[in-house]
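In order, the protein sequence lines correspond to chains H and S.
Counted the way this note's numbering counts, the first sequence spans residues 3 to 388.
Counted the way this note's numbering counts, the second sequence spans residues 3 to 388.
Please keep in mind that the hints were generated in silico from the structure rather than gathered at the bench.
There could be a bad hint or two in this list.
Because identical chains cannot be distinguished in the list, a pair is counted as satisfied if it fits within a single copy or across any two copies.
Said to hold, decoys possible - Computed list of lysine to aspartate or glutamate pairs in EDC-like fashion (alpha-carbon distance at most 16 Å, straight line):
(1) K100 to E141
(2) K72 to E307
(3) K40 to D17
(4) K151 to E123
(5) K100 to E123
(6) K341 to D51
(7) K40 to E141
(8) K296 to E286
(9) K151 to E236
(10) K151 to D179
(11) K296 to E374
All figures in this text were calculated on a predicted structure; none of them were measured in a lab.
There are 2 protein chains.
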Amino acid sequence: MPTDIDLKNEPPLVDAFQSPDRLLMGAGPSRVHEDVLKAMSQTTIGHLDPAMVAMMDELKDMLRYVFQTKNAMTFPVSGPGSLGMEACVNNVVERGDKVIVAINGVFGTRMAEVTRRAGAEVIVTEDEWGTAVDPNKVEEALKANPGVKAVGFVHAETSTGAMSDAAALCRLATDHDALSIVDTVTSLGGVPVNIDVWGADAVYSGTQKCLSCPPGLSPVTFSDKAVQVTLDRETPVQSWLLDLSLVASYWQGDAKSGARTYHHTAPVNALMGLHEALRRIVAEGLESVWARHKAASQIIVDGLEEMGFSILVDEAIRLPELLTVNLPDGIDDGAVRGKLLNDYGIEISAGLGPFAGKLWRIGVMGEGARPENAERVLSAIKESIA
Amino acid sequence: MPTDIDLKNEPPLVDAFQSPDRLLMGAGPSRVHEDVLKAMSQTTIGHLDPAMVAMMDELKDMLRYVFQTKNAMTFPVSGPGSLGMEACVNNVVERGDKVIVAINGVFGTRMAEVTRRAGAEVIVTEDEWGTAVDPNKVEEALKANPGVKAVGFVHAETSTGAMSDAAALCRLATDHDALSIVDTVTSLGGVPVNIDVWGADAVYSGTQKCLSCPPGLSPVTFSDKAVQVTLDRETPVQSWLLDLSLVASYWQGDAKSGARTYHHTAPVNALMGLHEALRRIVAEGLESVWARHKAASQIIVDGLEEMGFSILVDEAIRLPELLTVNLPDGIDDGAVRGKLLNDYGIEISAGLGPFAGKLWRIGVMGEGARPENAERVLSAIKESIA
Numbered sequence: 003m004p005t006d007i008d009l010k011n012e013p014p015l016v017d018a019f020q021s022p023d024r025l026l027m028g029a030g031p032s033r034v035h036e037d038v039l040k041a042m043s044q045t046t047i048g049h050l051d052p053a054m055v056a057m058m059d060e061l062k063d064m065l066r067y068v069f070q071t072k073n074a075m076t077f078p079v080s081g082p083g084s085l086g087m088e089a090c091v092n093n094v095v096e097r098g099d100k101v102i103v104a105i106n107g108v109f110g111t112r113m114a115e116v117t118r119r120a121g122a123e124v125i126v127t128e129d130e131w132g133t134a135v136d137p138n139k140v141e142e143a144l145k146a147n148p149g150v151k152a153v154g155f156v157h158a159e160t161s162t163g164a165m166s167d168a169a170a171l172c173r174l175a176t177d178h179d180a181l182s183i184v185d186t187v188t189s190l191g192g193v194p195v196n197i198d199v200w201g202a203d204a205v206y207s208g209t210q211k212c213l214s215c216p217p218g219l220s221p222v223t224f225s226d227k228a229v230q231v232t233l234d235r236e237t238p239v240q241s242w243l244l245d246l247s248l249v250a251s252y253w254q255g256d257a258k259s260g261a262r263t264y265h266h267t268a269p270v271n272a273l274m275g276l277h278e279a280l281r282r283i284v285a286e287g288l289e290s291v292w293a294r295h296k297a298a299s300q301i302i303v304d305g306l307e308e309m310g311f312s313i314l315v316d317e318a319i320r321l322p323e324l325l326t327v328n329l330p331d332g333i334d335d336g337a338v339r340g341k342l343l344n345d346y347g348i349e350i351s352a353g354l355g356p357f358a359g360k361l362w363r364i365g366v367m368g369e370g371a372r373p374e375n376a377e378r379v380l381s382a383i384k385e386s387i388a
Numbered sequence: 003m004p005t006d007i008d009l010k011n012e013p014p015l016v017d018a019f020q021s022p023d024r025l026l027m028g029a030g031p032s033r034v035h036e037d038v039l040k041a042m043s044q045t046t047i048g049h050l051d052p053a054m055v056a057m058m059d060e061l062k063d064m065l066r067y068v069f070q071t072k073n074a075m076t077f078p079v080s081g082p083g084s085l086g087m088e089a090c091v092n093n094v095v096e097r098g099d100k101v102i103v104a105i106n107g108v109f110g111t112r113m114a115e116v117t118r119r120a121g122a123e124v125i126v127t128e129d130e131w132g133t134a135v136d137p138n139k140v141e142e143a144l145k146a147n148p149g150v151k152a153v154g155f156v157h158a159e160t161s162t163g164a165m166s167d168a169a170a171l172c173r174l175a176t177d178h179d180a181l182s183i184v185d186t187v188t189s190l191g192g193v194p195v196n197i198d199v200w201g202a203d204a205v206y207s208g209t210q211k212c213l214s215c216p217p218g219l220s221p222v223t224f225s226d227k228a229v230q231v232t233l234d235r236e237t238p239v240q241s242w243l244l245d246l247s248l249v250a251s252y253w254q255g256d257a258k259s260g261a262r263t264y265h266h267t268a269p270v271n272a273l274m275g276l277h278e279a280l281r282r283i284v285a286e287g288l289e290s291v292w293a294r295h296k297a298a299s300q301i302i303v304d305g306l307e308e309m310g311f312s313i314l315v316d317e318a319i320r321l322p323e324l325l326t327v328n329l330p331d332g333i334d335d336g337a338v339r340g341k342l343l344n345d346y347g348i349e350i351s352a353g354l355g356p357f358a359g360k361l362w363r364i365g366v367m368g369e370g371a372r373p374e375n376a377e378r379v380l381s382a383i384k385e386s387i388a
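Next comes chain H alone, as it looks inside the complex:
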């Protein structure tokens, strides 16, 4: 796909980009509050500015609250959720390690692939898409494979809308002397995530789902045990950027003085945005935020069922923040989503993988999780399929 721009004489003059007004009710990114956008557009400052360092400390404390953890090693990785996944896997796993990854959707599949690329011998358990990870299968895999280093799974599968029992899965890992690697990209801020209660070891999330922040950062938290495992490695972490033992000099500072030193140039403005997004959650309180997600989601479920739609996932394990809606015959997937976007300014998401064309994914995340947005989605769908 070569471009034919004339390098010297005709620089590509384009108009300023005007972002269209959208109500984001898809699988992410989610709607972002104006205050977060404003915080993010403040004057750029240095990544080691004393004001920046003080802000980073507040940010880490707020992340600990949202993760419900006391883990010292809690910070946002300078990249999207998939980089957070690599940060967790690559720090904990060494070449040749045996790792179990539970797959029940796209993101478990991705974690298995990332873990293979880290050189691990990956043992997968598989559950039907739309169902939870079966702890019995994981337990059997642990029993059948002594010496497993870690168990990875996805708490909230963004591709299916199913929630797995993180507490049970982390406990199984611990009981078998394995670490747990947990994807909380779509769960953090939307449903209870209790890192310390679960005893989870290496956990990553994203900013662009229920934290209601633009995409680009991946909050992570590591238990002291997981940190020790990375410090005791025989081989270096394959990614220099993600190596906890190096990045700690910036995010944690010197063990004695706390002084920070340069590792990489952190995305200063994105961090200002995350600081504000977390502040909003702290001010509202996690319990209220979870309840708001549930209430707005229920409005959509009720309205859709009234229109004759059904939801893929059983109520007991259904994520309020990510609804997978079965498409009845006669509904043109692409046409209706296009109409919603172009005529109503509302984004909902298509199905992924085997679900492409078979279902919609409606996100009820962060700022999107409000009754008025739920009603807007419902009435737009009603009119679009009429």
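Got chain H; can you put chain S on it based on the hints?
For chain S alone, kept in the frame of chain H given last:
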């Protein structure tokens, strides 16, 4: 460093972050124009929104102009410059490959480390910090090590302010059937970078230097030859996020239809900012931008020399955008930099590695590279050392 926040009862309530007003004249990030901050704070939209995809195409064309290349595979990696470094190294290099890395500062040292972590056998050439990479040493290393896969070097060493002869080094690589891996983090937009004229193969940069954009993205460009090498690999790229063959589905789209599919959730707002920053460079014209850097830098050099300071790097290979200023005896490095920051709101940078405490790094980058900013720095330094 355990935190003692009480998870449930005392969420960490903090004030909104107020970014202090700073004139960034350090080694990066650089000053960002208000229009870029404004563009970045527009409504977040979906990463596959048709408006987003159209904007991405413009962004790629502008990046090609700034890189002076027709390379199809030109896009911003979703992470800082160090992730762009890993993207270039990890795609091109397989375990066991022989790679030459030329070291004349912190970032060549980092590239060697990243290349080792990619499993390569790394052969280094070394030049004194503050001097350019010696092409003769690289040529000798190429002759002494038949079958070298790639030659990596830093065009503009941010730790020393020295510029190396990228054209000569890329030609040497090509003449020995090796690929070139080139760091243009501090050069892109500040001095001529001519990817196609050089025949460079895998090139990364950063947004937070002479492109005058907040940190967090790493523009990269790969020659068709480098792309083919990554497609012909025997083993997968160790990073899933950075694997060109996968990320192309999002940034390039289907080879026939051009349709984009989901790979990872790109940092939508950061990309809006980069779009605007590139637009400003295109409108001004690269030659004018380069000349502006040179002129503002010369004001600082003249003023500093008048005050009795000397510049580390010989004029012939001195980067206008990154001046390394030798500190005479009697000047308290930290105290003066602290005074500049706290009393004048001006950030300049400390020396790195062996240069810590021995020199300052003054950045004259992007929006910072204007006569009025040069004068502000000079008068603040004059008053601070009086």
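Now for the hints, and whether the structure bears them out:
no.: 1; hint: K100 to E141; verdict: within (15 Å within a copy, 43 Å between copies)
no.: 2; hint: K72 to E307; verdict: neither (41 Å within a copy, 52 Å between copies)
no.: 3; hint: K40 to D17; verdict: between (23 Å within a copy, 15 Å between copies)
no.: 4; hint: K151 to E123; verdict: within (10 Å within a copy, 28 Å between copies)
no.: 5; hint: K100 to E123; verdict: within (5 Å within a copy, 26 Å between copies)
no.: 6; hint: K341 to D51; verdict: between (47 Å within a copy, 13 Å between copies)
no.: 7; hint: K40 to E141; verdict: neither (48 Å within a copy, 52 Å between copies)
no.: 8; hint: K296 to E286; verdict: within (15 Å within a copy, 51 Å between copies)
no.: 9; hint: K151 to E236; verdict: within (14 Å within a copy, 27 Å between copies)
no.: 10; hint: K151 to D179; verdict: within (8 Å within a copy, 42 Å between copies)
no.: 11; hint: K296 to E374; verdict: within (14 Å within a copy, 55 Å between copies)
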